[in-house]
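> What follows is the residue order along each chain.
8 protein chains.
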Amino acid sequence: MNKSQKDFVTIDFERKKRRLFGETIFGEGKTAGHLKIAVEKILEYDGEVLVTRLSRDQYEEMGELKKTLDYDPMSKTAMAKREKEAMGKVAVVTAGTSDVSVAEECVRTLDFFGISSESVYDVGVAGIHRLFSQLDRLREADVIVVCAGMDGALPSVVAGLVSSPVVAVPTSVGYGAAFEGVAPLLGMLNSCAEGVAVVNIDNGYGAAYMAGQIVMKIYEKDK
Amino acid sequence: MNKSQKDFVTIDFERKKRRLFGETIFGEGKTAGHLKIAVEKILEYDGEVLVTRLSRDQYEEMGELKKTLDYDPMSKTAMAKREKEAMGKVAVVTAGTSDVSVAEECVRTLDFFGISSESVYDVGVAGIHRLFSQLDRLREADVIVVCAGMDGALPSVVAGLVSSPVVAVPTSVGYGAAFEGVAPLLGMLNSCAEGVAVVNIDNGYGAAYMAGQIVMKIYEKDK
Amino acid sequence: MNKSQKDFVTIDFERKKRRLFGETIFGEGKTAGHLKIAVEKILEYDGEVLVTRLSRDQYEEMGELKKTLDYDPMSKTAMAKREKEAMGKVAVVTAGTSDVSVAEECVRTLDFFGISSESVYDVGVAGIHRLFSQLDRLREADVIVVCAGMDGALPSVVAGLVSSPVVAVPTSVGYGAAFEGVAPLLGMLNSCAEGVAVVNIDNGYGAAYMAGQIVMKIYEKDK
Amino acid sequence: MNKSQKDFVTIDFERKKRRLFGETIFGEGKTAGHLKIAVEKILEYDGEVLVTRLSRDQYEEMGELKKTLDYDPMSKTAMAKREKEAMGKVAVVTAGTSDVSVAEECVRTLDFFGISSESVYDVGVAGIHRLFSQLDRLREADVIVVCAGMDGALPSVVAGLVSSPVVAVPTSVGYGAAFEGVAPLLGMLNSCAEGVAVVNIDNGYGAAYMAGQIVMKIYEKDK
Amino acid sequence: MNKSQKDFVTIDFERKKRRLFGETIFGEGKTAGHLKIAVEKILEYDGEVLVTRLSRDQYEEMGELKKTLDYDPMSKTAMAKREKEAMGKVAVVTAGTSDVSVAEECVRTLDFFGISSESVYDVGVAGIHRLFSQLDRLREADVIVVCAGMDGALPSVVAGLVSSPVVAVPTSVGYGAAFEGVAPLLGMLNSCAEGVAVVNIDNGYGAAYMAGQIVMKIYEKDK
Amino acid sequence: MNKSQKDFVTIDFERKKRRLFGETIFGEGKTAGHLKIAVEKILEYDGEVLVTRLSRDQYEEMGELKKTLDYDPMSKTAMAKREKEAMGKVAVVTAGTSDVSVAEECVRTLDFFGISSESVYDVGVAGIHRLFSQLDRLREADVIVVCAGMDGALPSVVAGLVSSPVVAVPTSVGYGAAFEGVAPLLGMLNSCAEGVAVVNIDNGYGAAYMAGQIVMKIYEKDK
Amino acid sequence: MNKSQKDFVTIDFERKKRRLFGETIFGEGKTAGHLKIAVEKILEYDGEVLVTRLSRDQYEEMGELKKTLDYDPMSKTAMAKREKEAMGKVAVVTAGTSDVSVAEECVRTLDFFGISSESVYDVGVAGIHRLFSQLDRLREADVIVVCAGMDGALPSVVAGLVSSPVVAVPTSVGYGAAFEGVAPLLGMLNSCAEGVAVVNIDNGYGAAYMAGQIVMKIYEKDK
Amino acid sequence: MNKSQKDFVTIDFERKKRRLFGETIFGEGKTAGHLKIAVEKILEYDGEVLVTRLSRDQYEEMGELKKTLDYDPMSKTAMAKREKEAMGKVAVVTAGTSDVSVAEECVRTLDFFGISSESVYDVGVAGIHRLFSQLDRLREADVIVVCAGMDGALPSVVAGLVSSPVVAVPTSVGYGAAFEGVAPLLGMLNSCAEGVAVVNIDNGYGAAYMAGQIVMKIYEKDK
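Protein chains in written order, with the UniProt record's numbering: chain A, 1 to 223; chain B, 1 to 223; chain C, 1 to 223; chain D, 1 to 223; chain E, 1 to 223; chain F, 1 to 223; chain G, 1 to 223; chain H, 1 to 223.
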């Protein structure tokens, strides 16, 4: 029964070989002890690390590691990143201002992976001319990530106007019958425009990963 | 225990006094016997009658009454209608061709109530230019009824572009995760554009009633 | 990665041209920074502004803007309103005392839009004589908004007695199996009386917008 | 592995001693073989038998037993009943004509148990004067069973007007968002009028059993 | 817009005439102001009052009225009660110790209504001999109220052993897949033993009301 | 694009080495072509085969293989089985007669695996003495499989009385609010008696597999 | 009221310009009349056409067009395709044989779009060595589409082993608690391996479209 | 109305005779008073006691009993245990570090019951080589308990590789669409590998009990 903290953590060190991007840490619900061990092990092995879903309180408990990690409260992410040249272009779009924290988790993760992104925020279908005025920027993107709560209608409209793949992220934004993101999740899964695939509610990180893999496929062909 | 068929039906003869429109009949699940009694009683009292959700098989069993009733298989409605002058203008919009049977239930009900309608079909957001080319017609309407399945995104887009009230009808059209209309229902309840109110799944009749009441309010003020 | 707060907000300044009523602000989940920018931009452009779902704590953080904004804790709304002549008449009805905060969000929004309202509160079907004693007031209204939790039965009863359109607002009031407003939402969507359309759970603002659009349609015909 | 049909059925012969009413048979999904064994065993022991949820096809396959059993297609019940004096008074109410088959299952079961009932059908809240004109009959009942689909609002209204216990039966009647009886079930569980308890969707038999037990309690005190 | 607190409350003073028991107050979510008005009005009219779902904090804010009201933290009820002779006998049963607060809300409400009760607590089916040792007490009851969380199996077992009507109360007790009372709610609605009717999750008050009405029916026949 | 039927099937021939029992075939939704290939391949490799969820129509289309396979319509299983000595003892219990087809799928699968079973059918909690009279047989079993629909209460009661592990199988039996097995599934997951683990709705085969693995573990220790 | 069939269909002729792939037809629920009009219009404009979810009965009613369309009953697709050179490589994987019809809808759609695919069928995690023996083929793919029902576990395992983006398609295959594809849908949205995005239940067509867009992005960079 | 605290607790003292393991205490929601009575009674009778779901705050309120009880904050369990020789071997596996608190509740309960366990943590399918490197340890276990959140895919993979029974515990770990454990619960119930049975969400205790009963069956045969 005498376990040390280290018995609870098994780092997947070989991930980068198999999967392009190395292992990252999902902070939510983890104790300061577990977080520190994971951060240190990955830093040692990969020379860089990304932590997502990290509350300010959790960050504050990380002691010495705080100096190493760049923390952003809007996206709740902390990272130490090695220099790398940015590649590709992902457009990150939101329907409203309330979706921005999810979008920024996506933007920061892309940055960590070495992929360029461009933010197109608060252009939901209630005032659709805001979207049309940004259409050129969207059409130039390799991949488009769209974050939306409420009716989740924006990815359908965007996908109908472009030829790039759209990764849709439902957000837990809205009145009661949005059911913490269920309404936009269903809307996105049922997009009447093809070319939309969906990740988990509020999962800006997952959208970045999917978009990142597509960008890598596009540019590795160039080599 | 000796009930006659008539014991099962209590017609609300005074509805027209209270509610502008008289009682109508929801056909689904009713036996031929119940249907005939209801149709006859209302015809006798009001001089006209509308039956909704009436399958062709049910219609065929109605004997002599078939001559009196005009049956439309697309909308599954039958009616005998007194002459009346048409009033107002309701735009009835669909996202796809598969939503048309619901829209036609709405159109036929409006016609029965003496209200004009205009159909704008198959203009969903996957090809949004189809909607924009009809915008003038929509902007002239007193009320707009929008029928959509899948993501239910169309009412949000329409409402964002007009000043008329939008009555949204989710339809049970779509792949598995549309859950027989739940996805568009939630989408419409969570419309990011204001000015949308929702009726039951596939309930073209209910949308017509709501739209009809609004039209009556508008034109009774003129008198 | 150097975004200012303003990058997160795209105001829809042309909304009033398209939609009768100008853009308003949904306060919930927004930071003080985002709120201030949005309030200031809209005030500058429209000369008036409405914020809904604004907690007292959020309001207290708004600094100088507190003087400009009239805050009402019951409805959680803040507004700065230009003088305008009130028009029409919307009856705002509740089933119980617990539904009053939602109803007041509706009443305040109507007031902001320049539309008169009359409150008929705590007249649920458990003591239905309370409703009957108010029937004349209801019958004089252009539109009736009904807020109810629990069984959501009140809109059905009201709609069966009047000829005005009924906008129903489910509230998150009730014991466990009300599921935070799902029970009244379903009740209202399935209203056995026609002429009911439904908005989101606790969405008094949305009901006011829908009712407001109907009132505007009625009175613009008079001009 | 050589089971006879009889191995699948264990009759609860002592039920009448414990529970006032003897065992009955739920027909749905049972093979003709199982049904015949169960009917014969109970007839032999109790001298009477009730089968519910028995389709006409199942009934037709019962051979000789058809002569013994009185089959009613509206309620899908078959019974052989011993003479007994009727006791008490249960009012069985429906909101619409489509709820009648459930109500008749209740009425037939009460009759089998030797309890009087009175039917008050098609008096839903869409035309509430139909209910008020029957109020005296309702107030004389020992127990009131209310069957309703759609919004399930009728039990709330009835319970608010009487002093008898109300047993509510949600029915699977309605448009899509009634979800096969879920909407009225939730409405009834959340009745804003007290004195309502609920049984399963379409379970007219269960309502009769509950009502019957209450009636027996009332009249056994007289002895 | 100048409403006083009294505009939010419409007391149903005639309830006792129609319904045997007078109006009571559901405390949850009400402000101290609304609570005081309601308590005072009912006390003045009926000479007694019951408040349910009243947190200790709400009670502490009631000022002078605290002296008049007897508060019980376990059941979260406060009451001022006129002398009356107790009548009938309701057995109030729980499956576990965690269901006791719901059961005590039932017991206190019965006491307020002038009905005797007997508590049989912590006798769930995991150790079914505990139930069997109490069977005589259960069989003497006019009505049995059974409160259970988790699997909600106890009402089925109890109903199978007695001839009294069983009112079942699902409680929000259990691990994750109990879904705050949904699992026992469904279990009780699907009771394989007949003679069970169900009230809302954690609604001890509603069970007391239903049981009370049945008891009143039994004893008024004696007069 | 020229695939033969064989391209659709990849048999897991090495399963028996890893898992004690060899691969079996889930018949539902498979074409006659796919079924025949799978049966033949497994027969060739293992010398025996079990097909579950095989409708009589599917069986009739299997041509020559019909002679090899022993088909049982009650359990919808077909098998060709090598001689083997039976081992252990599994009690297979049902709450009602309608649960028997699921139980027989379990019994037939156990027989195929070479494990003895004993059937204890129709002993649900509505008449709990039926269960008590079988208690000795249950207590002698190595494992107990309990199949129940409706409230799913039986596994809780059984587990509270024995020391053997209980594998619970919810069945899709019951009135509307059983939701095709969801009610008993939740009941079983929330069993107030410990020592219950649950398999999928109507999955008699899966229960047999789980029970079979436990029996094998018990008897392999004897060797 | 005199609409012709053509009024129900608005073809999006410009789709190919905006979106790489032209408009296709979702056959389910469409009448023969609507289908023929749509097929003819698109054939005339694009010189090729794809119809999905087309039952054999619907196909048989298409008259002369049957000669033009190549119908495949396994995937329920019909197409007339112009010659084009195949590009890229998509691996289409299934967990079981029952998922094959969905996979073939994907394969046929890719073929129509001019994209190469390779089928890796029946390699679910119950016998995970079947997957490992195909790993090289998977690692060579530009995109991997994984179709799985039941637990939907396969996409997680695949994504953990490769660097290509994975498009996951839940299928409506499984026992009761799979809820027609909900279980694998949730499993896939919650994939513990990153790089998975999800389309609608049984939507092989949508997966092909998403995969096709990614492939086009990869190879257009080469030009 | 004068109940003492003891009236709320009925200990099942004979459980050990019937069920191998004695009664334990579920701490959540219990008051300090109820907890102390229960702990003392069981300690007196059994000489040992286990409390699960006990927060540190609850533990701190237990006064003198704190000395007797060994509290572990990770698993939220407290116990006083008699000496006993450990028996059997249960492997307790987790998919991630966040599942560890549930796993430790299982480990501590097994320890209390006198059963040996071995922890294999953080070996989820995203990096499946971590699992393969532990396969020998898993294959030696009598029973395997697998705790996983998110997609709940791990039990399927494990069960496909071993011959021991697998008890699966869904955990409430994951992004929004995990719905507090519903996603892994459904995944596990639908495991495509046979030999998996499921307990409630986060119910490490229940898994230990099930595993413990299996172990006891295995080793009692040896005697």
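Among the hints, a few may not be true.
To be verified - Using 27 Å as the maximum straight-line C-alpha spacing, the simulated DSS-like pairs for lysine-lysine come out as follows: (1) Lys89(D) to Lys41(D); (2) Lys16(G) to Lys81(B); (3) Lys16(G) to Lys89(A).
What the hints assert, rightly or not - Derived list of chain H stretches under chain A, where covered just means 3 residues or more per stretch with a C-beta under 8 Å from a C-beta of chain A: (4) 45-54; (5) 97-105; (6) 123-133.
Don't read these hints as lab results, they were simulated from the structure.
Backbone N, C-alpha and C fix where the C-beta goes; we use that ideal spot for every residue, glycine too.
> Just pull the numbers of the violated hints for me, sorted ascending.
1, 2, 4
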